[in-house]
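Enquirer: With these hints in hand, go ahead and build the complete structure from the sequences.
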Amino acid sequence: MLDNNQIKLESVIVELLILKDEFVNKLIYPIDLNLNNIVFQRITEHKHRLVLVDGYGITNIFPAISISKKLARKQIMRKFDRHISTLIEEYRSS
726 MLDNNQIKLE SVIVELLILK DEFVNKLIYP IDLNLNNIVF QRITEHKHRL
776 VLVDGYGITN IFPAISISKK LARKQIMRKF DRHISTLIEE YRSS
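Here the numbering used here is used: the first residue of the sequence shown is 726, the next is one more, and so on.
Possibly wrong hints are sitting among the right ones.
[To be verified] No farther apart than 25 Å at their CA atoms in a straight line, the calculated lysine-lysine pairs in the DSS-like style are these:
#1 Lys795 x Lys745
#2 Lys751 x Lys772
#3 Lys799 x Lys733
[To be verified] Derived DEER-like restraints, expressed as beta-carbon distance ranges:
#4 Gly782 x Asp746: 17 to 27 Å
#5 His771 x Lys795: 10 to 20 Å
#6 Tyr816 x Ile792: 12 to 22 Å
#7 Asp779 x Arg817: 20 to 30 Å
#8 Ile768 x Ser793: 14 to 24 Å
#9 Lys799 x Glu770: 14 to 24 Å
#10 Ile792 x His771: 34 to 44 Å
In short, the hints are calculated from the structure, not lab data. The model shown is predicted, which means the values in this text are computed figures rather than measured ones. Where is the CB? At the ideal position from N, CA and C, for every residue including glycine.
Expert: Rendered as structure tokens:
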């Protein structure tokens, strides 16, 4: 049984996908997706969200994603997809 400080993995996965959708829709490019930069905010007992507190922005010298929204969305989705499995493994081992 989980105590009040533990969060179910299923909730984390759902919230990661919601965070990904928010970043894609708002064209926010994540640079450093790791558990040290993500906070699980419990709003109420049944409502919560993930917040990326650091590690976003564009680092390219010639940021093509700032020119094309379609390209930006693809790159943001790729970045999240690459890191979601790593984040889940980090969460399981913490």
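Enquirer: For every hint, state whether the structure bears it out.
Expert: Status of each hint after checking the structure:
For the proposed pair Lys795 and Lys745, the alpha carbon gap of about 15 Å is at most 25 Å, so the pair holds. Distance restraint check for Lys751 and Lys772: the Cα-Cα separation of roughly 22 Å lies within the 25 Å cut-off, and the hinted pair is therefore satisfied. Of the supplied pair hints, the one linking Lys799 and Lys733 is violated, its CA atoms being roughly 29 Å apart against a limit of 25 Å. Under the hint 17 to 27 Å, the C-beta atoms of Gly782 and Asp746, about 19 Å apart, fit the expected range.
At about 36 Å, the beta-carbon gap between His771 and Lys795 misses the expected band of 10 to 20 Å. Checked against the hint of 12 to 22 Å, the C-beta distance between Tyr816 and Ile792 comes to roughly 35 Å, which is inconsistent with it. Take Asp779 and Arg817: their Cβ atoms lie about 23 Å apart, and the range 20 to 30 Å holds. At about 35 Å, the beta-carbon gap between Ile768 and Ser793 misses the expected band of 14 to 24 Å.
Between Lys799 and Glu770, the C-beta spacing of about 37 Å breaks the proposed range 14 to 24 Å. The supplied range of 34 to 44 Å is met by Ile792 and His771, whose beta-carbon atoms lie about 41 Å from each other.
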